[in-house]
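Number of protein chains: 4
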Amino acid sequence: MHMGLTYFLHSIADKGRDMLSLNPSTTPGESIKSLCNDLLSRKGEASGVALGREIITLYASLDDLQQLEFFYFVNEAFAPDPEQICAAASAVCNDAGPDSLKRLARSIESPRQELFRRINMAPDGTSFIVSLRSDLNTYLDEHPDLCALETDLQHLLNSWFNRGFLVLKRIDWHTPAIVLEKLIAYEAVHEFSGWKDLRRRLADDRRCFAFFHPALQDEPLIFVQVALVKGLADRVQPFLDHNAPICDPNTADTAIFYSISNCQKGLRGKTFGHFLLKQVITELISELPTIKYFATLSPIPGFRRWLKGMETTNLPKALKTIASDTIRTIDFNGQINAQDLKDKKLNQELLRLCAHYLVHCKHKNRPLDPVARFHLGNGARLERINWLADTSEKGIHQSLGIMVNYVYPIIKLERNHEAFVNKGKIIISRAVQSLL
Amino acid sequence: MHMGLTYFLHSIADKGRDMLSLNPSTTPGESIKSLCNDLLSRKGEASGVALGREIITLYASLDDLQQLEFFYFVNEAFAPDPEQICAAASAVCNDAGPDSLKRLARSIESPRQELFRRINMAPDGTSFIVSLRSDLNTYLDEHPDLCALETDLQHLLNSWFNRGFLVLKRIDWHTPAIVLEKLIAYEAVHEFSGWKDLRRRLADDRRCFAFFHPALQDEPLIFVQVALVKGLADRVQPFLDHNAPICDPNTADTAIFYSISNCQKGLRGKTFGHFLLKQVITELISELPTIKYFATLSPIPGFRRWLKGMETTNLPKALKTIASDTIRTIDFNGQINAQDLKDKKLNQELLRLCAHYLVHCKHKNRPLDPVARFHLGNGARLERINWLADTSEKGIHQSLGIMVNYVYPIIKLERNHEAFVNKGKIIISRAVQSLL
Amino acid sequence: MHMGLTYFLHSIADKGRDMLSLNPSTTPGESIKSLCNDLLSRKGEASGVALGREIITLYASLDDLQQLEFFYFVNEAFAPDPEQICAAASAVCNDAGPDSLKRLARSIESPRQELFRRINMAPDGTSFIVSLRSDLNTYLDEHPDLCALETDLQHLLNSWFNRGFLVLKRIDWHTPAIVLEKLIAYEAVHEFSGWKDLRRRLADDRRCFAFFHPALQDEPLIFVQVALVKGLADRVQPFLDHNAPICDPNTADTAIFYSISNCQKGLRGKTFGHFLLKQVITELISELPTIKYFATLSPIPGFRRWLKGMETTNLPKALKTIASDTIRTIDFNGQINAQDLKDKKLNQELLRLCAHYLVHCKHKNRPLDPVARFHLGNGARLERINWLADTSEKGIHQSLGIMVNYVYPIIKLERNHEAFVNKGKIIISRAVQSLL
Amino acid sequence: MHMGLTYFLHSIADKGRDMLSLNPSTTPGESIKSLCNDLLSRKGEASGVALGREIITLYASLDDLQQLEFFYFVNEAFAPDPEQICAAASAVCNDAGPDSLKRLARSIESPRQELFRRINMAPDGTSFIVSLRSDLNTYLDEHPDLCALETDLQHLLNSWFNRGFLVLKRIDWHTPAIVLEKLIAYEAVHEFSGWKDLRRRLADDRRCFAFFHPALQDEPLIFVQVALVKGLADRVQPFLDHNAPICDPNTADTAIFYSISNCQKGLRGKTFGHFLLKQVITELISELPTIKYFATLSPIPGFRRWLKGMETTNLPKALKTIASDTIRTIDFNGQINAQDLKDKKLNQELLRLCAHYLVHCKHKNRPLDPVARFHLGNGARLERINWLADTSEKGIHQSLGIMVNYVYPIIKLERNHEAFVNKGKIIISRAVQSLL
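First to last, the sequence lines map onto chains A, B, C and D.
So the first sequence is numbered by our numbering: it starts at 31 and just counts up by one.
So the second sequence is numbered by our numbering: it starts at 31 and just counts up by one.
So the third sequence is numbered by our numbering: it starts at 31 and just counts up by one.
So the fourth sequence is numbered by our numbering: it starts at 31 and just counts up by one.
No wet-lab data here; the hints were simulated from the structure.
Heads up, some of the hints might be wrong.
Any copy, or any two copies together, can satisfy a pair, since identical chains are not distinguished.
What the hints assert, rightly or not - 30 Å max Cα-Cα, derived DSS-like pairs, lysine-lysine:
1. K260 <-> K199
2. K322 <-> K295
3. K132 <-> K295
4. K212 <-> K226
5. K226 <-> K295
6. K132 <-> K375
7. K260 <-> K295
8. K212 <-> K199
9. K132 <-> K394
10. K455 <-> K63
11. K347 <-> K132
12. K132 <-> K300
13. K199 <-> K394
14. K199 <-> K392
15. K199 <-> K226
16. K63 <-> K442
17. K350 <-> K260
18. K295 <-> K442
19. K424 <-> K226
Sequences are here, hints too, so could you generate the full structure?
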């Protein structure tokens, strides 16, 4: 950077410090409060960028205790004024005219939001706010009184990370390393064993797409990994083998979504998954006209837990005997391995129990299993339940190696989604039907 | 676009229409309401993108009356529920605990905002919302009851067009024509006479920078034109002459900001100007270390109007005689031309009156003149008042040809800004001081 | 540019000047010779870039006479040494072994080529060499002894502008203005009337593609303009009307190539046209699957000239009478206009004569008409001859308003090309056949 | 790829095969010859791209023997015609006029060159030709009669890889993985231990730059690694430690070039090194004005070999005793390690011998050591000889752990280079002088 510029920027910071009478001996915890006060109270927004920059720098130097203290400070110091609210609320009770409503709305909007909007002006401000929320979330359980702050952050980020602002990008071996290393870090379903594994999963017979937000450079928000194959894949291990031969994508007829990972803890609760899948399907149709089927090969994260804790009494008669036998056979407390499962010929029994779990075990008229809930909610069809489809330790542990294909039938997606949302209806294939 | 894809998208739209029971014979005004209802009421956000797209398409086909009707519909149908607000307000009056506050906040947030957040998901959604607000603003004077809708749009756009999301880009002859033609359309200070003029103003001894928002592709929000010269420029015509010889930018010591234009009516009230100037100064320092001075050559849009309507009684004694003589000499109702001004030797008199206007004529402790208010508010110094600096018809009409240099003194900007904001203090040069 | 850097570069140039003992009072003509000597003789290539840069700068300051003198200097001073060649040639006559052949080859390669290879290292070196050849070509007629230099330049540029190095780019309204203004300058078939015309010709129902060379930034080598229409277009005026309504490209079934222009005089003789057309066809097939036909709407630049100078005696009997009548009717020395042509009902006669001209008038077994030669040589079929297809002054002047459709039948292109090249066979449609 | 397109391309290939009467049962070795004949003999260049593509594909399937056979075929079948050459040579001997010279030049240019120019038109043609030359070079020692082919390839590539066509790019962690993995593969001086090592060497206190050629996408030709430090670095191990702390580049005053690697065997003999270093220095001056010194930390690849084979009789008297003692102490046949060297206190003795080796041991008036020859030839100064500077196994093996700093004194580079080239003069520092 040019000397003149450095001088310029430093002088701005110095002036800021000067005007703020920031005593260099003040603790960072005190300084950051002072800066926040200043950022909000200062008439005009003239030095917002510089102040925001300093707040971000200072925050990075806070220890855990100071961080927590900072959250409490922001939560309270920039809360809306209860007296003003009460006055405005009374006025509305008397006369709910547009002016009194406007005043009430204004009095109830928390100054915290404006604080964050101003911090956001600084370089990397958005990234800072996302990580701030991620930090805050680690305290919420023990400090539920911070939830007002959480609500504000959630509200802001929800508005800023509107799907309309997201950009879909294909990820492949031409992608900058700074992005690729983040895939390795964020992959949540089938861990990468290293760069070699990553390279194979980005080869010609695979696709990987991610959503990005313009203000979070080089940071994927969510990404999906796709394998291009012939027929509906029933085993995930071939997709994870970095020595697997590379197929010709132009001969494939099916795209298998075999991993979807959310990347940003600070965006918890914001769901991009169905937007991503739909746009990726659109991209694949456009790029590869031979692809006719779109399906997942998905884990069943809740199956074994459910099986272990299952009350057989709630089961339909036909399953009762199977269930108690099966469960007796499995040593839920010891370590189960794939060979055991093969040996014990539990195949049919477990598949039937799994079908029951996926289709009939519900909470508030929605499937218990989170992955089922997601795909069925998107309008997918429960197509097939696959025996010994994921023989990794994690796969056996979660669902005794069973995986599911959810099929995305392009033309019926909306109709299925409607039926699911309005009547809780789950669309299943004949094969699954026959297991029930 | 591939056939499969076209089919896919059409089928989605068809399904949508199907499910919505959109009767093709329905008027667009009715259909768009129906779609909005659907977009908001539908559980899940599954078909938000498709619905948003249709709303955008339909809106384009509305005539003026239908447009107005649509605004009223959105304003009322998606207003917050007054009964809920009252109930929540009463609850807060009784007990302002976090839960009741949260409920009140939720009840008062207008569903209109959520409607627009969902429309924003569609392609070009942001651009649509910006133009919607631009349309709405043409009705507000005659339909003040739409102001609640305006407040919501303003709130949303204010949040989305946060300075942290803006991207500065240099504009030159390498810029795509689709952007350049917008400069021609949006230039608000010194009109472009055509592509030849544009080309000259983007030559090597000029700079042009604009802010863009990632969701408004190819659409500048605001741009500034800079001339690189030796010494403080006192005439604007040389900058507008497309035959003017091109100077070597490396020999320049001064950057003259000679035009700043806002581009988006739909972002009215959102001020990006001072952010732009500061970042452009930073860029220029970095690119051209020989540039030592940053100044404007600015119009004085309110001067002639003030002069014409001036009550001499309010003037300081020293100016009273001058003023009445001067004013008598000028035929405010006829057309004034540059030659007249030269002939009449009004030089000193007008400069003194202008200095008085800029420095002493205030409203709420801020300069009356909007351009002065802007630059002085940014911390600039009123440096020089230039006689016959803009001899164009517009220049003579607005300010009898007078223009002003505001100097941006890098190191003192913040201090000046503070003095201005807190005490209404205007920083002026000795030269201007001597005119007072 | 940073001061240190400027100093660095100047110091290099100064050193260079120093070492070369370039007397500042020397004429540019002398200096440039001195620099060329130095660039070639200097052991190592250490300062090649700096010397090349100076040669380029100096050349720009030469007047016509100095330019010519410079060409003679390079032609002679860096010619291969005839004595060495003779010695090497004798040696080869005695014994044509690999060593003597190698020596001969080395002795005959002109040092001029190495000179240009070294100049090419400087920034914009390639662009300089292209324009050098363009300059040289203006002298060749009167100075045929410069043809050795021309041969060398042609050889080098032929190698450097190999089709494998060219990059196809789509040109549209998103293209930088610096490229677009060159289209306006280079368009050779249907002149652009201005930016408005250009903008229309780059709209959604048009395509424009150009070849670029990586070393000639922002400089198209050749470009083609395409209109997407339904059916085979028979009139060019609608393509040149900037108020013509824009059609939906997805409903088009035919791509009409209505203008191809070479841009670089310095690359005269290098033919990129057939490469361009083939790759553009490939692009269009990929982008717009509904496009089934690829055809031109082409001028017949030699028709009127041929008609005027035609010896009717050479015509087949059937045409003789027609021809003499027709020719008598047309006032070749006066100005012909479209209305005259309509009035005189020369329609059929002229079309028959034109068909004869295109198909039967040959030189060395190739069509006389250059445009016919080009397209038929590429394997296109002479499809249709259109009456009053170009009613512009130029169109009437060149070919009495007649234009031709050459159709590019994707699958038969190679076969047609073979037949044309090997046997001079021209593929024509039945419609044209019936005119003969 | 779209079906229509696939069909189009296949049909072209089929036609090609058809016309060439390529019998599918023919061996690839026969087919490729046939295609080459066709590519060259075919009038017009109409199907050059398709034929080139097939040649490239077929070549990839050749085994070693077929490859060699192919080289012999090209070497002989497309050699210039000796009879024509002799006839043209005789003509020149009789009369060396421009026409006879031109004919001779034409007769002597090998058709092989035209063959390669046509192959180059196909996609990835340039890359193919580079790798072809790399393959050819493995045969040259045993098949010296292929040297005519080698000469042609060298000539072509020399012309195409002119420095004017190269593009300098900065390499960092934002660079695509496909390029980064090539750095790992090509690094020739200090091997990368993996991606972690690579990442550290691309951190903020390092710079890496490479030259690319537009036709060889994602393929660096040569790259250099730079460390930004304070003072002249005397040890390389800290640069190779991926846990080393990252310094602030803005506080550095010295750029150390610690590794330069050529990447393309097929471009053997083409030297880009000095161009790269000069341009990188220019870049660094521009980016980091605090950097004042540019130097290398270089190996001395020939030192130990020289030491081992040294005839002490040739040494100056003062070194004779030192040398024989030292050499006796070192066990050149066993493995030497850093500790031994420390223990034996050979420090001063070895440094003096090394200085002697670098400065006085020459061949044809140039330093024996290739790295010294390169940097001194570029105009660098032999600044310092560092004891135990590279304690890796390779470092000890090559030069007993000694490394050298060559300093690039910006302003004197050209002068030093001249002195070196013209008089063989080596510029050395006082420190080195005192060792001699």
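| task | Just pull the numbers of the violated hints for me, sorted ascending. | result | Failing hints, ascending: 2, 6, 7, 11, 13, 14, 17, 18.
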